[in-house]
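K.L.:
Now for the letters of each chain:
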Amino acid sequence: MRGIVILRRVLATIPLMLGVAMVVFVIMRVIPGDPVDIIIGQGGAATQQEVDLLRREFHLDRPVYEQLILFLGDLSRGDLGVSFVKRRPVVNILFETLPATIELAMASLFLSIVIGIPVGVYAAVRKSSFVDRISMAGAFLGISMPPFWLGIVAILLLSIRLGWFPTSGRVSYGVLLEPVTGFYLLDSVLARNWAALWDVLRHLFLPGLTLSIGIMAVVARIIRSNMIEVLQENYITTARAKGLHERTVVLRHALQNALIPTVTVVGLQMGVLLGGNMVVETVFGWPGMGRLVVDAIFSRDYPVIQGGVMLYTFTFVIVNLMVDILYTYLNPRIEL
Amino acid sequence: MIQAPARVEEVAAARARRPFRFACRLLRHPSAAFGAVILCVFSVVALFADGVAPFDPNEARLIDRLSPPAWLLGGGGNYLLGTDQLGRDIFSRILYGTRVSLLVGLLSVSMSMLIGLALGTCAGFYRGWFDALVSRFADLLMAFPYLIFTVGLMAVIGPGFWNLVFALSFKGWVEFFRLVRGETFVQQSREYVEAARAIGASSMRIIGRHIVPNIIHTSIVLATLRMGYFIVLEASLSYLGLGVPPRIPAWGSMVADGKEVLFTAWWVSTFPGLAIGALVLAVNLLGEGMREILDPRLRIG
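Line order of the protein sequences matches chains A and B.
Going by the working numbering, 163 is the number at position 163 of the first sequence; the sequence numbering is gapless.
With the second sequence counted from 1, adding 336 to any position gets you the working numbering.
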């Protein structure tokens, strides 16, 4: 039964992704002027022959509906076109930067969970205490501060003033690291290069922390309010009456139930994470997909922008799908 | 952030006819009142920036470039918060920048709310193909991460004040639509709507005169909560160079300008960022306060 429910949910993402591709296609056709003029504008003078060639390459010599069909056809084959600037397939360019982006996103998700959950639990258990007030005020600030500014303040204080962390990049010059998977943490562990691992961690920490602050705050707040609610339930009183250790009551009985609704919230926060990713990568010169897209905007490299926006959105759709599936396992009462 | 709209609506309906009492309760709520006061200060600053600002925000005095804040060692000068790399007074630029942040936030949230209200009430009231069509489109827009979507859209339509408002509201109405649609559907089966129908009121009249006044409160709370987010989005877009044109001072682009001189002049990007944080904090405090008053069950902080 659950298998069928999950299958139906998986199948529902196909029209959604198709719709996403169509929205992106329509928006990109709004560009004032002809993309070919833009490319030629960068390359200097061109003969009529070259112009025709380019128009054919981008299917601009066909009617719009045919362009859409060709576009969707290319997309289904994983072909996102060719970059105007780099003259290479967009898919390849995007996938080269993907590991950097995933590594950063994972690091900040990890930080926000590892810090956010204990803070939320502690604040709920010691409700209205000094620590509770301080951490909730901090969480409120964390939600209100723009991530790019937090990144800049972090660079100012921790990199420039104290010199603890590097200001930008993924790894220092001179550190030799063979990119096997593209995930530098993994690469340095595989190569047993502990000096490189330390260097990579130091580079990862500030951008990861910056990106995680907002989500960490949301996690702490939601865990706290769920915990407060759960701690008033009868089964908690029962557990306490049985003489269980308070730690067991809080961590095993209360937290496990408070975590379930948190999963959905964290899933929704992934959208914020992906968007913030673009900004934080720009602040820290992180060579990921976000910075690639921002650079592409300024060189008017539309195929890269288009591909980047789509890849980000597909990631978001898939993450939400996974969260929904995870939710059915955590809470069997829920039907998708 | 959107929780249990049905419950909010229950409480809100009871308070619907008491806007004055609501304002009084809001002022007695300490953090909401605090937020409201800060927001008022920002609004006054935005309105009277010409009178308050000590310098022309765009006047470059290269001789005074990157001079530190007046109260700092070696500051001297008359520049309260220092100057940027072109010698423009940061304090004056922050005062003028309030306009962009407040106006873009206010306009895009109002646009989103109006579109959401119009489409949401119609979809919830008439159902049928219209509801199906708009709902599917809303689902589609929900699939995009917000900032990514606006960045993509701004990349295509180009920077500019109205483009910014357009890009932010293009996806912003969806949340309002979902909230309003659900509430309209609930209200529709209420006796007062039935009574209005019985005395022959037209559908438009029922929506406009009966349903909207009963559900508008939740939308206003959502609008306040979203406005903070919109201001951060606007600042992020400005930071990326996709906001208003460079000649208009905006906080986000000021932070970006300061990034280039971070090693020598920390004040250039620090103060505009603080301004963004303060404004967003004020709006969020007000929004959370409103939500708590409308529905104490949702209390978080």
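If you are wondering where the hints come from, they were derived from the structure by calculation, not from laboratory data.
Keep in mind that a hint or two might mislead.
[Claimed, not checked] Residues on chain A that point at chain B, a partial pick, calculated with CB under 7 Å:
| no. | residue |
| --- | --- |
| 1 | LEU18 |
| 2 | VAL20 |
| 3 | ILE152 |
| 4 | LEU156 |
| 5 | SER159 |
| 6 | LEU274 |
| 7 | GLY275 |
[As the list claims (entries may be wrong)] In silico negatives: residues of chain B with every beta carbon more than 12 Å from chain A:
| no. | residue |
| --- | --- |
| 8 | LEU422 |
| 9 | LEU439 |
| 10 | SER574 |
| 11 | TYR575 |
| 12 | GLY588 |
| 13 | THR600 |
| 14 | ILE612 |
What you are looking at is a predicted structure, and each value in this text was computed from that prediction instead of being measured.
Note that beta-carbon positions come from the ideal geometry of N, C-alpha and C, so glycine has one too.
K.L.:
Run every hint past the structure and note whether it holds.
P.N.:
Status of each hint after checking the structure:
Checking LEU18 of chain A against chain B by beta carbon gives a least distance of about 10 Å; that is not within 7 Å, so the hint is violated. Checking VAL20 of chain A against chain B by beta carbon gives a least distance of about 5 Å; that is within 7 Å, so the hint holds. For the restraint placing ILE152 of chain A at the interface with chain B, the shortest Cβ-Cβ distance is roughly 5 Å, inside the 7 Å limit, so the hint holds. Below 7 Å, beta-carbon pairs count as interface contacts, and LEU156 of chain A has one with chain B at about 5 Å; its hint therefore holds.
Residue-level restraint check for SER159 of chain A is violated (minimum Cβ-Cβ distance to chain B is 9 Å; threshold 7 Å). With its C-beta approaching chain B no nearer than about 4 Å, LEU274 of chain A sits inside the 7 Å limit, and its interface hint holds. Proximity of GLY275 of chain A to chain B holds as hinted, the smallest CB-CB distance being about 3 Å (cut-off 7 Å). For LEU422 of chain B, the non-interface assignment is confirmed: its Cβ lies about 19 Å from the closest Cβ of chain A, beyond the 12 Å cut-off.
Against the 12 Å criterion, LEU439 of chain B stays outside the reach of chain A, whose nearest CB is about 18 Å from its own CB. For SER574 of chain B, the requirement that its beta carbon stay farther than 12 Å from each beta carbon of chain A is not met, with the minimum near 10 Å. With a least beta-carbon separation of about 5 Å from chain A, TYR575 of chain B fails to lie farther than 12 Å from that chain, contradicting its non-interface assignment. The claim that GLY588 of chain B lies off the interface is violated: its Cβ sits roughly 8 Å from the closest Cβ of chain A, which falls inside the 12 Å cut-off.
Residue placement check: THR600 of chain B does not keep its beta carbon more than 12 Å from all beta carbons of chain A (closest about 10 Å). Interface exclusion of ILE612 of chain B from chain A breaks down, the closest Cβ pair being 5 Å apart, not more than 12 Å.
In summary, the numbered hints that this structure violates are 1, 5, 10, 11, 12, 13 and 14.
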